[in-house]
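Engineer: Here is what each chain is made of, one letter per residue.
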Amino acid sequence: MAHYTPPVQGKMGQLIDVIVLVVLTVGALFVPLWMGLAGSSKTVATPVENPTWETLGQNPVQAAQYEALGYDPAGAHDLILARFDYSFSVSAVLIMVVVIVVYYALMLKFSESEYRDVIAEKFDSK
Amino acid sequence: MAQTNIGSKTMDGMGPKGTKVGLLRVLGPAHVWALGVGIVLVGEYMGWNFAVGKGGAYAALIACWFAGILYTCVAMIDSEVTSTVAAAGGQYTQAKHIVGPLMAFNVGLYLVFAYTMLEAGNAITAGYLVSVVAGMSGHEGALDQRPFIILVIMSLAWLNYRGVLATLTFNLIITAIAFVAILVLFVATTGIVGASIMQHGALMEGAAALPYGWIGILAAMHFGLWFYLGIEGTTQAAEEVRSPARALPFGTLAGIMTLLIAATLTWYVCVGVLPWEFLGDGVNGSVAPLFDTARLSGSTGLVWLLGIGTLFATLASANGCINDASRAWFSMGRDKYLPGWFGAVHPTYRTPYRAIIFLVPIALIFALGAPLDQVITFSILSGLLGYTFMPLNIIMFRRKWPLNSIKRGYEHPFHPVPAIVLLSLCAITFFAVFLGYGTQLVAMIGFYIVVSLWFHFWRYRFVSRGAQFTMPWPKPKGY
Chain A
0 MAHYTPPVQG KMGQLIDVIV LVVLTVGALF VPLWMGLAGS SKTVATPVEN PTWETLGQNP
60 VQAAQYEALG YDPAGAHDLI LARFDYSFSV SAVLIMVVVI VVYYALMLKF SESEYRDVIA
120 EKFDSK
Chain B
0 MAQTNIGSKT MDGMGPKGTK VGLLRVLGPA HVWALGVGIV LVGEYMGWNF AVGKGGAYAA
60 LIACWFAGIL YTCVAMIDSE VTSTVAAAGG QYTQAKHIVG PLMAFNVGLY LVFAYTMLEA
120 GNAITAGYLV SVVAGMSGHE GALDQRPFII LVIMSLAWLN YRGVLATLTF NLIITAIAFV
180 AILVLFVATT GIVGASIMQH GALMEGAAAL PYGWIGILAA MHFGLWFYLG IEGTTQAAEE
240 VRSPARALPF GTLAGIMTLL IAATLTWYVC VGVLPWEFLG DGVNGSVAPL FDTARLSGST
300 GLVWLLGIGT LFATLASANG CINDASRAWF SMGRDKYLPG WFGAVHPTYR TPYRAIIFLV
360 PIALIFALGA PLDQVITFSI LSGLLGYTFM PLNIIMFRRK WPLNSIKRGY EHPFHPVPAI
420 VLLSLCAITF FAVFLGYGTQ LVAMIGFYIV VSLWFHFWRY RFVSRGAQFT MPWPKPKGY
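In the order they appear, the protein sequences are chains A and B. 0 is the number of the first residue of the first sequence in numbering that gives the first Met the number 0; add one for each residue after it. 0 is the number of the first residue of the second sequence in numbering that gives the first Met the number 0; add one for each residue after it.
Hints may contain errors.
Claimed, not checked - Taking lysine-lysine pairs in the DSBU-like style, the calculated list, with each CA pair at most 35 Å apart, reads:
hint : chain 1 : residue 1 : chain 2 : residue 2
1    : B       : Lys476    : A       : Lys121
2    : B       : Lys476    : A       : Lys108
3    : B       : Lys474    : A       : Lys108
4    : A       : Lys121    : B       : Lys406
5    : B       : Lys406    : B       : Lys474
6    : B       : Lys476    : B       : Lys406
7    : B       : Lys406    : A       : Lys108
8    : A       : Lys121    : A       : Lys108
9    : A       : Lys121    : A       : Lys10
10   : B       : Lys474    : A       : Lys121
11   : A       : Lys10     : A       : Lys108
Claimed, not checked - Pair by pair, the computed Cβ-Cβ distance ranges are:
hint : chain 1 : residue 1 : chain 2 : residue 2 : range
12   : A       : Lys108    : B       : Ile260    : 38 to 44 Å
13   : A       : Lys10     : B       : Val416    : 45 to 51 Å
14   : B       : Glu139    : A       : Ala73     : 20 to 26 Å
Stated by the list, open to error - Derived, one-sided and incomplete: chain A residues facing chain B with beta-carbon distance under 7 Å:
hint : residue
15   : Ala27
16   : Pro31
17   : Ala67
18   : Phe83
19   : Leu93
20   : Met106
21   : Ser110
22   : Glu111
23   : Tyr114
24   : Asp116
25   : Ile118
26   : Glu120
27   : Lys121
Rather than coming from a laboratory, the hints here were simulated on the basis of the structure. We put the beta carbon where it would ideally sit given N, CA and C, even for glycine.
Using the sequences and the hints, build the whole thing.
Structural biologist: As structure tokens, this is what we get:
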């Protein structure tokens, strides 16, 4: 394989590349956050009016520990009753599987073609 | 068989024979242990308890042990490959030599984001701890945590800038103190010395045992990784240890054993004292569960010890994260995967100082702008993508360079069983993340797909081809 000589990148080009990466990185975390789509779907399904430790389902030991931590039943209401919603659709799981498989397949395919160039130049051009 | 002196005390890992201008080889096995355990031990002090929130206390324990198996596979695989590919960048450099450039670019980003997000999570916890201590000391009103978050990140970045030996010696000391604090809490609260305050039976009875049923166990695997996330960072020191073939496997495997013990003890004392709903909510409930357990022990000495342990664990972890993320970023800059400006070594301190400085504002953006569980999830996802790469890596490594074709510092047993187990546990963990954090999972993979296309079609033109391959190995089989 002919020896490949990469172009020299100017300072402005280097700066732009860094900015692109930083914007993509910050976007990956913050865009879902700003759109309210990220994170847990923990909610209180059935709130309890005038809660007591008993109505919150706490036994005396559990109630005593909450009181030692500085909580009363009203203050601990959301903490105790909030739950994740783990219901999901099969299509959502399939979409996740497809996204992950496509990602790794894409990466391995492109990597392999790049790797063959590396090996050819390293070992075959002497 | 190709031979290479990967243990040279004067030469770095650049090029087939090394040079005298790169990173210094000054570290021993204890530093490797301190780097690995130092990064991870904070996982016992905060973050793991989200696993309790996702599935309950028993689910968290099962997740802890399955995650322990996952990380044992990671440590075994990593020890073999990194004791052979002894150069800065760890898994990034492994991927570059074994799988290909695009994979290496992605792995480099996994490392940088896993560690930078972990660093941000540590700084958030340190800020929280300072505010709690201020409240306990009589401060009225809410304390602004932001100055402390900034102080933690800036001061540790400065320490890293000044030199790796001082940085990791500092880590060794504070990690040891944080580990001893867990042991003391266990001994003092479980009845070994004095009266036991454990109430597992009452706190885990009825619906509290498995509040979500069996799906909760699956879901808990998401944050179960947090018990150990970062142990693979030991490989980042490959170019700075005096004897990579000995120090890296020894330090890494001793590290995972330490963490298995610490994780189990942590689970035991925390769920025996704290109600699961409080323990499982790391944002509105227990941000620092070991510290909260000490608070309920009634012992002022334990409160101080675990307060110091939590602070030291966060500092050690943030310190190690800066070390590892900067090595990965530096390595990618040196290879022109990223702008070459980042590939500079400080002329006096011999540290990747530009990479260290550049990552400071990135860590600050996340530490100051995102909630803890989101930051942790971002870190876990990057780590998980990296663990999924490892089985592919070891299978290709053994296929391209079979045993006895090159000198290995360590050969892991039972191949390919650890690779298959690791891949299976990764698949389960992807599903666990999907349960509750599916949007972030898709956003994260979307990000990596976009940057992969950017790298392949734009950035890669600036990269030399054959020069990327720096190991003095024979041509891989099948090429």
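Engineer: Would you mind marking each hint as holding or not holding in the structure?
Structural biologist: Going through the hints against the structure:
Of the supplied pair hints, the one linking B:Lys476 and A:Lys121 holds, its CA atoms being roughly 14 Å apart against a limit of 35 Å. Distance hint between B:Lys476 and A:Lys108 is fulfilled; the C-alpha atoms sit about 18 Å from each other, no more than 35 Å. Annotation: proposed proximity of B:Lys474 to A:Lys108 holds, straight-line Cα distance about 20 Å (limit 35 Å). A hinted pair counts as satisfied when its Cα atoms are at most 35 Å apart, and A:Lys121 with B:Lys406 qualifies at roughly 20 Å.
The hinted pair formed by B:Lys406 and B:Lys474 meets the criterion: a straight-line CA distance of about 14 Å does not exceed 35 Å. Proposed proximity of B:Lys476 and B:Lys406 is supported: the alpha carbons are some 15 Å apart, at most 35 Å. Taken as a hint, the B:Lys406 and A:Lys108 pair is honoured in the structure, with Cα atoms around 29 Å apart against an allowance of 35 Å. A hinted pair counts as satisfied when its Cα atoms are at most 35 Å apart, and A:Lys121 with A:Lys108 qualifies at roughly 20 Å.
Between A:Lys121 and A:Lys10 the alpha-carbon distance is near 29 Å, which keeps this suggested pair within the 35 Å criterion. Of the supplied pair hints, the one linking B:Lys474 and A:Lys121 holds, its CA atoms being roughly 9 Å apart against a limit of 35 Å. This hinted pair checks out: A:Lys10 and A:Lys108 have alpha carbons roughly 31 Å apart, not beyond 35 Å. One distance hint, 38 to 44 Å for the beta-carbon pair A:Lys108 and B:Ile260, holds here, with the actual separation near 42 Å.
As the Cβ distance of A:Lys10 to B:Val416 is approximately 50 Å, the hint placing it in 45 to 51 Å holds. About 22 Å separates the C-beta atoms of B:Glu139 and A:Ala73, a value consistent with the hinted range of 20 to 26 Å. At a threshold of 7 Å, the smallest CB-CB gap from A:Ala27 to chain B is about 4 Å, leaving the interface hint in force. Checking A:Pro31 against chain B: minimum C-beta separation of about 5 Å stays under 7 Å; hint holds.
Annotation: interface hint on A:Ala67 holds; nearest CB of chain B at approximately 5 Å, less than 7 Å. With its C-beta approaching chain B no nearer than about 5 Å, A:Phe83 sits inside the 7 Å limit, and its interface hint holds. Interface restraint check for A:Leu93: the shortest CB-CB distance to chain B comes to about 11 Å, outside 7 Å, so the restraint is violated. The interface hint given for A:Met106 holds, since its Cβ lies 6 Å from the closest Cβ of chain B, which is under the 7 Å cut-off.
The interface hint given for A:Ser110 holds, since its Cβ lies 3 Å from the closest Cβ of chain B, which is under the 7 Å cut-off. Given the 7 Å rule on beta carbons, the hint for A:Glu111 holds: about 6 Å separates it from the nearest Cβ of chain B. Using the Cβ-Cβ criterion of 7 Å, the hint placing A:Tyr114 at the interface with chain B is satisfied: the shortest such distance is roughly 3 Å. Contact between A:Asp116 and chain B, as hinted, is supported at the beta carbon level, the nearest pair being about 5 Å apart and thus within 7 Å.
The beta carbon of A:Ile118 comes within 5 Å of a beta carbon in chain B, closer than 7 Å, and the hint placing it at the interface holds. With 7 Å as the threshold, the beta carbon of A:Glu120 comes within range of chain B, its nearest partner Cβ sitting at about 3 Å, so the hint holds. Here the hint on A:Lys121 is kept, as its CB sits about 4 Å from the closest CB of chain B, short of 7 Å.
Hint 19 from the list above is the single one not met by this structure.
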